[in-house]
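S.K.: Listed here are the chains, written in short residue letters.
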Amino acid sequence: MRVWTSQLLTLRTLEHLYMLFVALFFSILLGVLIGVLTYKNRKLAASVLNSLNVVETIPDVALLVLLLPIFGIGVGPTIVASILYSILPIARNTYTGLSNVPREYIEIADALGLTQREVLFKVRFPLSLPLIAGGIRIAVVFTMGVVTLGGLIAAGGLGAALQNGIQLYDMGTILITGAWVGLIAVILDGIAGMIENIFKARYGK
Amino acid sequence: MILTGEVLQATLEHLLLAYAALAAGILVAAPLIFFSLYSAKLASLIMKFSNLVQAIPSFAVVALVVPLIGIGFTPAVIAIMLRVLLPIIKNTYIGLFNVDPALIESSKGIGLSEFQIIRHVRLPNAYPAIFAGIKFAAILANSIAVLTALIGGGGLGSIIFEGLTNFNTTKVLAGTLPVIGIALFLDFSFSRIEHWLTPEYLQK
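Protein chains in written order, with the working numbering: chain A, 2 to 206; chain B, 4 to 207.
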């Protein structure tokens, strides 16, 4: 209780979730968009997905630090870094989902006289939803990780409380904040997993 | 230019930290995987636990090591090891169990023992997946080794964080660029080795 009030954990949690949801919103938007665009333009696909892959290999702290001169310190670079990391799993899964729809479905849709656009949005897209949801689940984990790191560059959130704990060598703060962050992460992952399973049940695997 | 020596030393420290942890991770993962080959219950337990732990942010794992184990080089190695363990186990497991059932049946048909099937059928089929797991783990180890500078692990992270607190951009870059260089080098070299290790009949 002492730790909870002295480290303002209620406020920190709200800051944390705010950054998380803003970042996720844009990641999903951009990820699905890039996924659809790469599906429509196959030549682009390899180069776009490969360059996103390179971003993924950059250590998260290094990426955050590199964004500092461009976006200042605090919330800005944290959200941008989260988005940069989270686009790849969503875009890649969208692309894979759209490309791997069984032939029969497409042939039936063609036979019914659906246009290319209708095939994409009414057949391919719904059938890729389970995979896209899987990508979003990975993105939730990535975003949670980067947002926690944001505490190191003055973005607030629960990472700030963790850093305080380490600097003050205050075991209580570290244990309580660490366990709380872990719990939130596991719960969010569980919710994302449930959504993925709902789509799987609805649209096949 | 005084920085060059410092950066060089930090880079060596960084590599030592990350790879001591990776090696420890592989050593711990191997028996776990070996036992789970013989017990489906243990295997599913390990997988469930791995998935759960993987959701927890690295920073929280690194921080939690402090009250539980302490600060310094060894706790840093343990923190990184805990983190890289999961992708290795998960990928090996997926590789070993996603073998075409027909292949296993026909191996039984020609009279191979359980051990021979693991040795000559399951393992070669799992190489690409195992390797992908180790590649991911290596890149992850590099990334978390930066963070463990906060708990006294040393390495390039300590240069980055020192630069951050003093608003010293040169210093920040002197720490950041080698870290990124290592990451890109790992990605490239592992992809080459992966290609080289994959049995011909599995290459696309």
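Since the hints were made in silico from the structure, they are not lab data.
Please note that the accuracy of each hint is not assured.
Quick list of simulated restraints, FRET-style, between CB atoms [what the hints assert, rightly or not]:
(1) B:T168 to A:A180: 25 to 35 Å
(2) B:D103 to A:K201: 16 to 26 Å
(3) A:L184 to B:E117: 15 to 25 Å
(4) A:L184 to B:G155: 35 to 45 Å
(5) B:L45 to A:G173: 46 to 56 Å
(6) B:N101 to A:I107: 24 to 34 Å
(7) B:T168 to A:G173: 50 to 60 Å
(8) A:P70 to B:L19: 29 to 39 Å
Derived DSSO-like pairs (lysine-lysine); straight-line CA-CA distance at most 27 Å [to be verified]:
(9) A:K123 to A:K41
(10) B:K111 to A:K201
(11) B:K51 to B:K174
(12) A:K201 to B:K51
(13) A:K201 to B:K174
(14) B:K174 to B:K93
(15) A:K201 to A:K123
(16) B:K93 to B:K51
(17) A:K44 to A:K123
Note that the Cβ used here is the ideal one computed from N, Cα and C, for glycine as well.
S.K.: Each hint needs a verdict: does it hold in this structure or not?
M.R.: Taking the hints in turn, this is what the structure says about them:
The beta-carbon spacing between B:T168 and A:A180, approximately 27 Å, falls within the hinted interval of 25 to 35 Å. Taken as a hint, the range 16 to 26 Å holds for the pair B:D103 and A:K201, whose Cβ atoms sit roughly 23 Å apart. Against the hinted window of 15 to 25 Å, the Cβ-Cβ separation of A:L184 and B:E117 comes to about 41 Å, which falls outside the hint. For the pair A:L184 and B:G155, the supplied restraint of 35 to 45 Å is violated, since their beta-carbon distance comes to about 26 Å.
Separated by about 35 Å at the C-beta atoms, B:L45 and A:G173 break the suggested range of 46 to 56 Å. A hinted range of 24 to 34 Å for the beta carbons of B:N101 and A:I107 is consistent with their spacing of about 27 Å. Evaluation of the 50 to 60 Å hint for B:T168 and A:G173 yields a failure: the beta carbon distance comes to about 24 Å. Restraint check, A:P70 to B:L19: a C-beta distance of roughly 30 Å satisfies the suggested window 29 to 39 Å.
For the hint linking A:K123 to A:K41, the alpha-carbon distance of about 15 Å falls within 27 Å, and the restraint holds. For a cut-off of 27 Å, the pair hint linking B:K111 to A:K201 is broken: about 34 Å separates their Cα positions. Distance hint between B:K51 and B:K174 is unfulfilled; the C-alpha atoms sit about 42 Å from each other, more than 27 Å. Distance restraint check for A:K201 and B:K51: the Cα-Cα separation of roughly 19 Å lies within the 27 Å cut-off, and the hinted pair is therefore satisfied.
A C-alpha spacing of about 49 Å is found between A:K201 and B:K174, which places the hinted pair above 27 Å, so the restraint is violated. A hinted pair counts as satisfied when its Cα atoms are at most 27 Å apart, and B:K174 with B:K93 does not qualify at roughly 37 Å. Between A:K201 and A:K123 the alpha-carbon distance is near 17 Å, which keeps this suggested pair within the 27 Å criterion. Restraint check for B:K93 and B:K51: the C-alpha separation of about 10 Å stays at or below 27 Å, so the hint holds.
Between the alpha carbons of A:K44 and A:K123 the distance comes to roughly 24 Å, so the proposed pair stays at or under 27 Å and holds.
In summary, the structure is inconsistent with hints 3, 4, 5, 7, 10, 11, 13 and 14 from the numbered list given earlier, while agreeing with the others.
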